[in-house]
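Since the structure of chain A is already known, use the hints to place chain X on it.
So you can see what is in the structure, the chains are spelled out below.
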Amino acid sequence: MIEVQGLTKQYGPVTAIRDVSFSVAPGEIVGFLGPNGAGKSTAMRILSCFMPATSGTARVAGYDVFTQSMQVRRRIGYLPESVPLYTDMRVAPYLDFVAEVKGVARGERRRRVADVMDRCMIADVQNRLIGQLSKGYRQRVGLAQALVSDPEVLILDEPTIGLDPRQITEIRSLIRALAGRHTVILSTHILPEVSMVCGGVVIINKGAIVAQGPIDTLVEQFFPTARVEVEIVGPPPAVREMIRAIPGVVSVHDEATTNGAGRYVVESARERDVRAEISRLAAQQQWSLLELKRVGTTLEEVFIRIVAGEEASAVAGGEVAP
Amino acid sequence: MKVWPIFKKEMRLYFTSPVAYVVVMIFLLIAGYFFYSIFAFFTLASMQSAMNPAMARDLNVTDSVMRPLFSNVSVILLLLLPLLTMRLFAEERRSGTIELLLTFPVRDGAVLIGKYLAAFALYAVMLGLTVLYPGIVAYFARLETGPVFTGYLGLLLMGAAFIAVGIFTSSLTENQIVAAITTFGTLLIFWILGWSADYAGGAVGRVLQHLSILEHNESFAKGVLDTKDIIYYLNFTILALFLALRSLEARRWKG
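Protein chains in written order, with our numbering: chain A, 1 to 322; chain X, 1001 to 1255.
Misleading hints may appear alongside valid ones.
As the list claims (entries may be wrong) - Simulated pairs of lysine to aspartate or glutamate, DMTMM-like, Cα-Cα distance not exceeding 20 Å:
1) A/135 / A/170
2) A/135 / X/1058
3) A/135 / A/124
4) A/293 / A/273
5) X/1008 / X/1108
6) A/135 / A/150
7) X/1002 / A/150
8) A/135 / A/164
9) X/1228 / X/1215
10) X/1008 / A/88
11) A/293 / A/229
12) X/1228 / X/1218
13) X/1222 / X/1058
14) X/1008 / A/108
15) X/1002 / A/170
Keep in mind that the hints were calculated from the coordinates and are not lab data.
Bound conformation, chain A alone:
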């Protein structure tokens, strides 16, 4: 549905994104992940036809964003990062305006607007001036505006920023529900959000893509081992030694020692579960086993590992403007 090939954008001497290529299948929700200033918004502005790329091509629903911009614009819903809305307009007339501009037929407009206000939970403020709404409501009006024409592709730049935790949960489930019928590309720097909402992820740092693919694959790729956290009261050298001897264990790290109890992180081959063996070992050695748990690898750790790795390997290179 979205195909991006070798996209580069320069603002004068500053390169915002460099040779970015990725694709999104129809009905998929893909997260665009990166630290602030990584070039997420630039990529989204190009996809939404707001500005042209310096080089490279981007196609949305089979149409080129530059040469067939009108066809692309008819098929997308876009929510820019700053959620720009007309503060002097009321919510319902505003959504009606957007629906009309996007070519929703007159007879259907009223129903569409009502429906989208329900889904975004803004029906209660439909007669208020947008300028008087709280940030959370404005964010949802922005989302409603993107959804009102029922577009094939949604481009959402930081859709949950500024919402309270309950609203975040609601908006996330709303976005999740869009999967299948709509293709969604959303940017965020909140990592758990991506794992909760998205199927795939594109990680971008300093204007270039550093990793992409389904989340599970990425986790396996960057963390090939499974990890278990253990807290044992026992002589540390012996504990380390004997756990290390269990087949499949790759490494044992000390974490901290409190009141004679040592915490260890045990890494083992992903398919091996070493917890049973550790507990038997503790029983044999008459060590007190205080805690034993498996630690899941989150996207956050993948991200930090990738971005930190990038930074370590980067010899030079200026800061990239957003």
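Showing chain X alone in chain A's frame:
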């Protein structure tokens, strides 16, 4: 072309914010005061001329009331119309709404025309409200309808040109004040160009005179309908709108 939704949106914005009310009210207040003082002066003059038949011969209500009124109104427009147009693109740029507007499936031209027509319609309504004044005159005296009609046509055409310049400067900046001042300055320069025509003389003088906004409006107020004047204002309008369109499109080409 989706001009209509853009037009409606702009109208809505004019009337949900105080801009339209304030501009229209101030305009009517000042125009009304001008009308009152001109008409009162004319009343005094006609009373005096009752004793002096020679003077009464030169007294003409159309020439002495409507013509000065039209020329005064054009000065108010010079000051007020830039305030009506300064918002149109500058505000969208400042608040970032232009990013959404220009990613909707609407051509830049349709956005421009929609906004232009909204400002022009508001101006036409504002000007239409002053029809009350010739109405009052016609109630008390015999008014020639021809010059009144051409006078209004001249003001409409002149306003159309002012609004086009205003929308162009608004598309250049994200600061409304800058847009208003640039519009005002541009128009004022074209306004006073004619003044130097007399000193310049010759071909240069004729060119300057032809470029002057004021010069072209005078014949309308006299009741003269000259294609030269109509074409002047239309050219002015079209050129400014063309430049505005270019300035909107520039964004797409700045790689």
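Checking against the hints above, which ones are violated? 2, 6 and 15
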